[in-house]
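Protein chains in written order, with the working numbering: chain A, 96 to 382; chain V, 96 to 382; chain F, 96 to 382; chain X, 96 to 382; chain D, 96 to 382; chain W, 96 to 382.
Rather than coming from a laboratory, the hints here were simulated on the basis of the structure.
One should not assume that every hint holds.
The list treats identical chains as interchangeable, and a pair is accepted whether it falls inside one copy or across any two copies.
[As the list claims (entries may be wrong)] Here are the computed lysine to aspartate or glutamate pairs in the EDC-like style, where the Cα-Cα straight-line distance is at most 16 Å:
hint, residue 1, residue 2
1, K139, D358
2, K271, D371
3, K375, E309
4, K100, D144
5, K100, E181
6, K379, D310
Number of protein chains: 6
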Amino acid sequence: MSESKYKFLFISAFCLPDDSPFSGPKRGEGIPKEERLQNYQNVKHLLADVDWDMHPGAMTTYGNWTVENRQEFLYAAAGRIPIVQEACESGKYNAIILEGGGEPGFMEARELTRRYGIPVTSCGHSQMHFASMLGNKFAIIDFSDVHTMFFHNLVVQHRMTDRCASIRNIGYYHSKPHYKDAESFSAERRKAMAGEPSEAVERAVSEAINAIEEDGADVIMFGCSGSFWLKPFVEKRLHDEGWEVPVIEGYGAAIELAKIQVDYGVTASGLAFPGDRPKKRPRKIVF
Amino acid sequence: MSESKYKFLFISAFCLPDDSPFSGPKRGEGIPKEERLQNYQNVKHLLADVDWDMHPGAMTTYGNWTVENRQEFLYAAAGRIPIVQEACESGKYNAIILEGGGEPGFMEARELTRRYGIPVTSCGHSQMHFASMLGNKFAIIDFSDVHTMFFHNLVVQHRMTDRCASIRNIGYYHSKPHYKDAESFSAERRKAMAGEPSEAVERAVSEAINAIEEDGADVIMFGCSGSFWLKPFVEKRLHDEGWEVPVIEGYGAAIELAKIQVDYGVTASGLAFPGDRPKKRPRKIVF
Amino acid sequence: MSESKYKFLFISAFCLPDDSPFSGPKRGEGIPKEERLQNYQNVKHLLADVDWDMHPGAMTTYGNWTVENRQEFLYAAAGRIPIVQEACESGKYNAIILEGGGEPGFMEARELTRRYGIPVTSCGHSQMHFASMLGNKFAIIDFSDVHTMFFHNLVVQHRMTDRCASIRNIGYYHSKPHYKDAESFSAERRKAMAGEPSEAVERAVSEAINAIEEDGADVIMFGCSGSFWLKPFVEKRLHDEGWEVPVIEGYGAAIELAKIQVDYGVTASGLAFPGDRPKKRPRKIVF
Amino acid sequence: MSESKYKFLFISAFCLPDDSPFSGPKRGEGIPKEERLQNYQNVKHLLADVDWDMHPGAMTTYGNWTVENRQEFLYAAAGRIPIVQEACESGKYNAIILEGGGEPGFMEARELTRRYGIPVTSCGHSQMHFASMLGNKFAIIDFSDVHTMFFHNLVVQHRMTDRCASIRNIGYYHSKPHYKDAESFSAERRKAMAGEPSEAVERAVSEAINAIEEDGADVIMFGCSGSFWLKPFVEKRLHDEGWEVPVIEGYGAAIELAKIQVDYGVTASGLAFPGDRPKKRPRKIVF
Amino acid sequence: MSESKYKFLFISAFCLPDDSPFSGPKRGEGIPKEERLQNYQNVKHLLADVDWDMHPGAMTTYGNWTVENRQEFLYAAAGRIPIVQEACESGKYNAIILEGGGEPGFMEARELTRRYGIPVTSCGHSQMHFASMLGNKFAIIDFSDVHTMFFHNLVVQHRMTDRCASIRNIGYYHSKPHYKDAESFSAERRKAMAGEPSEAVERAVSEAINAIEEDGADVIMFGCSGSFWLKPFVEKRLHDEGWEVPVIEGYGAAIELAKIQVDYGVTASGLAFPGDRPKKRPRKIVF
Amino acid sequence: MSESKYKFLFISAFCLPDDSPFSGPKRGEGIPKEERLQNYQNVKHLLADVDWDMHPGAMTTYGNWTVENRQEFLYAAAGRIPIVQEACESGKYNAIILEGGGEPGFMEARELTRRYGIPVTSCGHSQMHFASMLGNKFAIIDFSDVHTMFFHNLVVQHRMTDRCASIRNIGYYHSKPHYKDAESFSAERRKAMAGEPSEAVERAVSEAINAIEEDGADVIMFGCSGSFWLKPFVEKRLHDEGWEVPVIEGYGAAIELAKIQVDYGVTASGLAFPGDRPKKRPRKIVF
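So that you can see chain A by itself, here it is in the shape it has in the complex:
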């Protein structure tokens, strides 16, 4: 079998110890990558021509629960960058894909990997750009208030405010100590996967339609990677009801944007993400 032109490393945003009582990506040494990658079935066909590895990510340092607020994202970012650097230095990959919707460490990784000539993609940035190609305005389906406002920061940082119709919050949370709301969203996923009615699906469809009718959205994407499983459910429901909108999730978008950068032989601009001592310098930076 011929070698793939794509050699990708997925890096999880973080991992929890195996004995964590909370849902989220576990360390899980030895688990096959296909089982590790969230919603693998949704992107399997996109990986058919890719040689890929998966790094379980750095163990969380702030506790044994899933990243949700800005502080937790910061620690996750700091934990992930050394893995990115190691991957660049290994010479084994021609692109890196950062898992996780809130893309902890993405801007730092763009700066770092560009120096090695290796593109890096991430789920928020990739979805926003993919969606922008397809329509006028995208809506983001997300959950957890603190996460939605962190995602708001990402939309601003990526200069996508005039392409973003709204972020719609479907009102769930990640499980976390001291809160009783813990497992509900995971339960919704299980129900949907089992073909049972799922309140989370209902809310996501409802907010997607609100975003279309009230906010001007014409493409639907997702915020937290914990919600990417909703993609086929929401897509089917919207299409069945006659709303002809593309529905995007983050892993597929990130894979595709990595592929085209590898194909085309480019990475982020060295003027946007310069090296420590670039050969040339514009004296002024404008907006």
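Place chains V, F, X, D and W on chain A using the hints.
Just chains V, F, X, D and W, lined up with the frame of chain A:
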């Protein structure tokens, strides 16, 4: 040999009769597609996994010279749409790539092909989106005043004004009756290809650097497809001088954006490009 | 009687064969111009000091029904430009007014007529500028989904997105083969003209008020010229209810904007719409 | 002779006592209106079909020199509004034209005159809208630093920042006590009128070209009405040099915009400029 | 007791004669400043370290009722500027605070006081900047339609449109001759102060929540100073209901922004508000 | 002596081990706070009424040199947040001031400290808001290419792109292993402090003037805190030359913005920086 997952049709923006004294794409029945596709060497590797055909485009109706001004673009667009429709109806392609920098007929083709579930990409739109993924602001190297202002319209239409640092005009023209400036730009290409000094390359490099230093550009792209040949020359020169900017041309960008839409199974949004009688309708459209 | 200082040619967006079963402008050789011009009564007083002719437009090439989607607009544009050129060359007119709300061929006509020193106006562009003088944000009353999204493109192209509160779709269609919705909107017009209750008027008033209350509109205009007849009905109803908003339609706005360009002796800027070989060139174009 | 449909009152921004040693509009009782109206020759043809009067404006209260800074503009505005009200109440006019580039009292006058159903136009607002119809971006030729920054405020207030390429300051001042720069700009006008070389014309042409080449301007307009005399000189020079840009001044623009509002039977929107107790109210105002 | 580093003069927007039957600031010679300053209890602690005087403002010239529409604001502005100038010349103050939500004369005062090196602050501008530090978008609670649209002008002038979620009109008016709605809003204040239910508080809370839920507001501020008394009531209600938004009023914001300018030794930029004959001049002004 | 109402903790962005050969903030146990705080003399008067402590910051984990690129900023942020949390929990402070121009950890700190009702300010955000109060557009004087582009991200994140004229890079670097440019910028500071000519001052003045003349700046601020020492030198030079622009540095701005939040009793909005389980939630977030 296995069948490719990509079945693309390139459609030339227009063609000139073989006896036209002016430079531009000729009808040239029987010429192999690899010879027809402008600057094939630059995108050859991107087509390695694609089954592709090439349609020579509609014969120009306004005269026997190359499209340059808005009226000529309009006639070219009107000539191309029936070819797009025929291609959709043929069932032979899963994506259509419109040749030509000024993308005549692109908006109409998006509306049309979406109804068949077939994505269509074009050189201006694709470059702008590709460039936006890589940096903060792109500059467009173009020539012919009337073409640069037509391209200005495209940047506005694609809502890329805050991503576009500037359009830089290097001061050549397409050959046309009654003007003596006729063949000069084609001559520049020949010189550059032959390894000789080329004034067009010098000007393009100079304007790219001006765009970086004065206008805030950090990615370089091209306007008219007649200038795409400059890509490797400008890229090498900028990189040699220490300007670490991605340099994009249109055919490669359009091929790549077609691939990811095919992979992901999406086209333009049906809310942005609705059918004549869509099943669902938002009552208000906002910006 | 003294000669008017205004010598205008109206050019219909297109015409249908007289035997077309669909509503829309018919070829109608020999019909007096006052009967041809849609809603002549609404603009009669604006034409009192104008010498005007009316060209029936080019026969549609795509079929015998009214322009509605982007492809049909493209063909209408291509059909109209030769008429514009002929009018310029005739030396008989000092301004050209393009009929039709979606203004097929307007950008091309601006480029073309400027070379003759002749201004051209059109119904979308004129209404947007007229409305901008009078208030902060205009709303557009329109119908036919595909037309509203085409009109969305016009708002973007004319860089009026921050002046446009919304486009409000009142949910009718042009008559077209294979669709049963055919004649309903024309019937609404007849009812309104006869002083009977008209669902179309109700919807237009209702959406105008929604645009005022929800979207921030303070001026009302119309999209498709097929809806211009609504102007006096909507205006009266809004004023009667106490909403003191200007209500604009396209023909009057286009006549007025043509007059002031003739008076002032100007046309579109030659830098925005340059000739094929302008004497002077700015090296960079910014946004 | 038939009565004109236009009955306009021009109101000077202010007047100086006849014995003021400073240049500027003098009270000058009994002077014919044609001599009073600045640069009457430039707009004479636009007034041919207008019945017009001219009000000399209120005597300045802050001193006997021309309005230049924001405080002086404020006092001029307060002086002018009662004249506007009196004109409305007189029933003699169907439009009011506010003289003066910096348009003191314009926003207040729009609010006031709308209640009488009378449109009011002014030189900054009218030029900006007229210019926007013709091109992508206008540049403003102005003088006196404090005036240019006051004009900056007007551009912002009229929401024209993305249509304004730049304000270009040609470096003169109005004459004022305690400053020796007094009469120079008036002298430049006399020289130009006499066919002699004028430094002011040179600077205006030079800054217009800078605005075109560096700032993206494609239409030229003027700030202070004291500079409107430059219009034909700048226009001729730019056209002679091959720059095909419209050149606009304020009086003509204000006359034309008044005409079309009278023709069309509209004034400013009552939602933008409501009455003290409007019949209907939107609960929210958005931007 | 040591001398304060802050020597502030408050200047009322205007005053009414003591015998005016309408509510609003009365001339009231001899009334202690603490009784004069609206809602003194709300800002008392901010003035503890300030030496402050209060000027009753200029007597209204247009009538004996409170400023509400643009004309009235203009006359109030013209009345206030001489007081500002006198205060600057007195040498007694190191900052001036303009009372009144609609800030009549603020731009003129910035120009004027800067020449004396004295900062001036005002209630709209200060609230908008204070709010911008704390959140993404502020909503403005206001009343009186004509005032809300005047306030709209202020938001535009201060270039805060993308920070302003909306202006929400709670539907009261100032008392004025010939209108029966006279005293109602003042009555609402008395009720609220007495601990009784107040419809005005209800409406303000309701519109604040609408602004949060529908318009994206995350900070609440007020328009007319006549509504500043609502601050503690709205704040308490929102916080009690779980809406964790800062609620700002104008006097406190203006005091604080004056303090930091005094501390830091700065005023408005001399390039934004130049002197009549500045030493240095930029040749172009951009936006 | 009475207790101050301000109890502030300064937290250094990071510290280097005492034996680091590179310039930057050293751990320096026992060094008085007045010697630790960079350019204390510039802000001494602003701290006269403040009880303040200073935390030396977390020891860098990536090496013994100063933060310069995005990765280093990330690690610094992750090191600082626990110190912020500890300070909040200590109950000793009513505001926290983050040292360092690039404000590592600021967004996370806003989220964190708000939950304790404690405001936090930082040098970039504070300067941008302070500058926005004073003028139309600020320019940022900065150095080190990678730092300038990191600062570009901050300007975008704080939604200040339309207030920022430009970032001007004066071409120095922080000292770092393997680069010979090490100590030059520190040497410039020593020269300037000693009253000797300093190339860094010259470049900063020159770029400030370029920003004023070319980019439209009317307020000057600084990027990296390592450049804050330039403030009095640049200010004096600009004022001496007649450029009447406010010149701001970060520590003073951050102190002042902390004071007014303490005075007013507010912090960042809880809707912008929600808690993990807020009591109320807006279902949609818009931009």
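Going through the hints against the structure:
1. In this homomeric assembly, K139 and D358 come within 16 Å of each other (Cα to Cα) only across copies, at 11 Å, whereas the closest approach inside a single copy is 20 Å.
2. In this assembly of identical chains, K271 and D371 lie within 16 Å of each other by CA distance solely across copies; the values are 9 Å between and 39 Å within a copy.
3. In this assembly of identical chains, K375 and E309 lie within 16 Å of each other by CA distance solely across copies; the values are 14 Å between and 47 Å within a copy.
4. Both within a single protomer and between protomers do K100 and D144 lie at most 16 Å apart by alpha-carbon distance, with minima of 8 Å and 11 Å respectively.
5. Taking CA atoms no more than 16 Å apart as the test, K100 paired with E181 passes in neither setting, with 21 Å inside one copy and 34 Å between copies.
6. In this homomeric assembly, K379 and D310 come within 16 Å of each other (Cα to Cα) only across copies, at 9 Å, whereas the closest approach inside a single copy is 37 Å.
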